[in-house]
Amino acid sequence: MAREGEAKLREFGGDDFRVENFRVDDEKWVDLTDDFDFHNRLYFLNFTAKIHFLRDFQVPSRKQIAARVGAADWTIDEAQRDLERGDLFSMNTFTSGTGMTLRAAAVFDDMEPGWRFDRLDSMRK
Amino acid sequence: MMRRTPHILGSLLFAALAVNGMSLASRLSLFIPLAALCGSLAWFAYGLLYLGPKQSWLYRRRKELLLALGSAIGALVIAVVGSALVSAGMSPQFRRVHYNPQTKQIAQAGDPELSWAPVGPIDVVGQRLQKVDPTKPHIAFIGDSIIYGLHLDEKDTTVSLLNEALPKYQFINAGVSGYSIEQYWIYLRRILPATKPKLILVGLFTGNDVQLTGREYTPWGRSKPLFHVEDGQLVKINRAAHCIDAISDSLLFTVFWHSKETAVKLVKLLCDPVELPRGELEAEISKLFDEIEAVGKESGARVVWIILPLRWDVDPTQGIREQTNYVFKYGLLKRLLREGHHDVLDFTIDLWKSKVDLSKVFQEDNGHLTALGQRMLADSVRRYIEEHHLLP
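Just so you know, the sequences run in chain order A and B.
Residue numbers for the first sequence follow the numbering used here, beginning at 1 and rising by one.
Residue numbers for the second sequence follow the numbering used here, beginning at 1 and rising by one.
It cannot be assumed that every hint is accurate.
As a list, the in silico SDA-like pairs of lysine to any residue whose alpha-carbon atoms are at most 25 Å apart [stated by the list, open to error]:
| no. | chain 1 | residue 1 | chain 2 | residue 2 |
| --- | --- | --- | --- | --- |
| 1 | A | LYS125 | B | TYR326 |
| 2 | B | LYS355 | A | SER96 |
| 3 | B | LYS355 | A | ASP37 |
| 4 | A | LYS63 | B | LYS268 |
| 5 | B | LYS260 | A | ASP31 |
| 6 | B | LYS265 | A | ARG62 |
| 7 | B | LYS265 | A | PHE36 |
| 8 | A | LYS63 | B | ASP290 |
| 9 | B | LYS265 | A | LYS63 |
| 10 | A | LYS28 | B | LEU358 |
| 11 | B | LYS353 | A | LYS8 |
| 12 | A | LYS8 | B | LYS360 |
| 13 | B | LYS54 | B | ALA79 |
| 14 | B | LYS196 | B | ASP315 |
| 15 | A | LYS63 | B | GLY331 |
| 16 | A | LYS63 | B | ASP315 |
| 17 | B | LYS287 | A | HIS39 |
| 18 | B | LYS260 | A | PHE36 |
| 19 | A | LYS63 | B | THR317 |
| 20 | B | LYS353 | A | GLU84 |
| 21 | A | LYS28 | B | GLN323 |
| 22 | B | LYS360 | A | LYS125 |
| 23 | B | LYS353 | A | HIS39 |
| 24 | A | LYS8 | B | LYS236 |
| 25 | B | LYS353 | A | GLY114 |
| 26 | A | LYS63 | B | LEU358 |
| 27 | B | LYS268 | B | ARG278 |
| 28 | B | LYS287 | A | TRP74 |
| 29 | A | LYS8 | B | LEU358 |
| 30 | B | LYS265 | A | GLY70 |
| 31 | B | LYS268 | A | HIS39 |
| 32 | B | LYS268 | A | ILE76 |
| 33 | B | LYS236 | A | LYS125 |
| 34 | B | LYS236 | A | ASP31 |
| 35 | A | LYS125 | B | ILE320 |
| 36 | B | LYS355 | A | LYS125 |
| 37 | B | LYS355 | A | GLY14 |
| 38 | A | LYS28 | B | ILE349 |
For the record, the hints were derived by calculation from the structure and aren't laboratory data.
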């Protein structure tokens with residue numbers, strides 16, 4: 001799962017940032033139950049990664065994301081990608097050529113048996 | 001007095017421990033404490049009646065008192081078992097959900113294949129008991145209570161509005177409250193001989209379609225058909241349907257239905273219904289999507305899947321992150337539809353783009369649509385049909 005988590009982070013980086021280093025820190029199990037008693041069993045693989053920005057990278061705020069909705073070139077995938085970026089980086093601007101240490105989590109669904117990667121998210125302690 | 005005090009105190013303590021042990025987590029943790037409770041009662045009776053002074057009234061009348069106690073317990077057991085075996089009809093929870101205050105009816109009856117289904121002749125379809133017009137081409141709109149239009153007059157439903165806007169066709173409201181994806185498939189096949197649709201619209205509700213599919217029990221006390229994928233085919237795997245229906249509809253359970261959570265927990269405990277693990281659930285849903293498409297193809301009808309969101313799915317910038325990311329099933333349904341290359345109308349996007357006040361679109365339960373919501377859905381469907389040239 002560590003390999004898959006790292007691969008997903010690199011994929012998420014795309015042309016925006018490069019992953020230079022990836023280290024698994026620890027893990028946490030989370031069980032979320034809804035009103036229908038449906039159990040969502042999740043595995044948070046907390047990691048620390050050194051990343052290097054390949055271009056200027058801005059993470060919009062939720063207000064900015066909402067303001068884009070309905071624009072001619074807007075898609076829901078754009079909104080969801082920006083929300084996921086916000087979960088990882090918070091609202092921020094990063095300059096091309098700079099680096100940072102990212103502490104986050106690769107989240108996996110328990111498929112009973114087996115695992116499936118769901119998303120990247122902030123660390124869970 | 002001194003001789004029996006330890007027995008009386010001991011039996012009371014044992015009874016308290018027994019009651020505390022009833023966690024309803026498993027059958028064992030229900031029946032062992034029940035047996036322990038009976039034991040503590042017997043111990044109490046022994047201490048009270050047999051260990052007192054021989055001149056006391058209790059000791060002299062011990063046999064009659066024991067007989068009276070035994071008879072009372074026996075009568076209680078007979079009453080409980082008897083009321084569990086006597087059917088009181090559909091559970092109060094089911095009647096609450098399916099009762100139509102406008103018609104003052106429940107247009108559903110027990111059904112061996114679907115568990116419950118609208119009643120009527122073959123050319124009367126859906127919970128609205130809509131008569132099929134053989135002179136018009138049909139569009140079948142399958143779904144649950146969202147499509148049915150729970151708490152709304154028929155004229156305010158999406159289907160009715162589409163019939164008004166496109167009178168050349170007959171949109172058929174095949175929505176049935178409480179159905180999930182297995183039942184969409186089975187009910188679609190049932191109505192096809194009468195409807196022969198040109199287009200099939202399937203409303204997928206993100207609020208509970210995933211959660212209810214993959215289980216053989218429902219929160220309103222009925223069983224439902226359940227399948228899993230075996231060698232690429234859907235195979236029915238119900239094992240507790242009779243138990244679920246018998247227990248839920250029994251006279252005894254009319255008491256428990258005052259608390260839906262308690263009643264459902266007891267049904268699960270006593271009947272041990274099947275619930276698919278996550279991987280099998282997703283495989284079942286994907287296969288059901290394919291089977292519904294196959295049914296459509298066989299009838300010459302295109303199938304369009306309509307994502308019907310919860311209020312909290314519409315604008316994730318306003319939602320609680322953990323629920324939006326991991327609890328709500330909007331993302332899962334979208335992914336499964338995308339992986340299966342199905343045609344999708346995502347009503348969530350239309351609602352978000354409209355920037356409408358969502359409290360006016362959704363009823364208080366944040367799932368069912370108001371009359372305004374149904375109108376917006378009708379507009380979205382009509383636009384989609386026109387943009388994709390789905391009807392001649």
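Hints, verified against the model:
no., hint, in the structure
1, LYS125(A) with TYR326(B), "holds, 17 Å"
2, LYS355(B) with SER96(A), "violated, 35 Å"
3, LYS355(B) with ASP37(A), "violated, 32 Å"
4, LYS63(A) with LYS268(B), "violated, 44 Å"
5, LYS260(B) with ASP31(A), "holds, 22 Å"
6, LYS265(B) with ARG62(A), "violated, 40 Å"
7, LYS265(B) with PHE36(A), "holds, 12 Å"
8, LYS63(A) with ASP290(B), "violated, 39 Å"
9, LYS265(B) with LYS63(A), "violated, 42 Å"
10, LYS28(A) with LEU358(B), "violated, 35 Å"
11, LYS353(B) with LYS8(A), "violated, 30 Å"
12, LYS8(A) with LYS360(B), "violated, 40 Å"
13, LYS54(B) with ALA79(B), "violated, 35 Å"
14, LYS196(B) with ASP315(B), "violated, 37 Å"
15, LYS63(A) with GLY331(B), "holds, 21 Å"
16, LYS63(A) with ASP315(B), "holds, 11 Å"
17, LYS287(B) with HIS39(A), "holds, 22 Å"
18, LYS260(B) with PHE36(A), "holds, 11 Å"
19, LYS63(A) with THR317(B), "holds, 8 Å"
20, LYS353(B) with GLU84(A), "holds, 20 Å"
21, LYS28(A) with GLN323(B), "holds, 18 Å"
22, LYS360(B) with LYS125(A), "violated, 39 Å"
23, LYS353(B) with HIS39(A), "violated, 31 Å"
24, LYS8(A) with LYS236(B), "violated, 37 Å"
25, LYS353(B) with GLY114(A), "violated, 37 Å"
26, LYS63(A) with LEU358(B), "holds, 17 Å"
27, LYS268(B) with ARG278(B), "holds, 18 Å"
28, LYS287(B) with TRP74(A), "violated, 32 Å"
29, LYS8(A) with LEU358(B), "violated, 35 Å"
30, LYS265(B) with GLY70(A), "violated, 44 Å"
31, LYS268(B) with HIS39(A), "holds, 15 Å"
32, LYS268(B) with ILE76(A), "violated, 39 Å"
33, LYS236(B) with LYS125(A), "violated, 42 Å"
34, LYS236(B) with ASP31(A), "violated, 29 Å"
35, LYS125(A) with ILE320(B), "holds, 18 Å"
36, LYS355(B) with LYS125(A), "violated, 36 Å"
37, LYS355(B) with GLY14(A), "violated, 31 Å"
38, LYS28(A) with ILE349(B), "violated, 33 Å"
Checked against the numbered hints listed earlier, the structure breaks hints 2, 3, 4, 6, 8, 9, 10, 11, 12, 13, 14, 22, 23, 24, 25, 28, 29, 30, 32, 33, 34, 36, 37 and 38; every other hint is satisfied.
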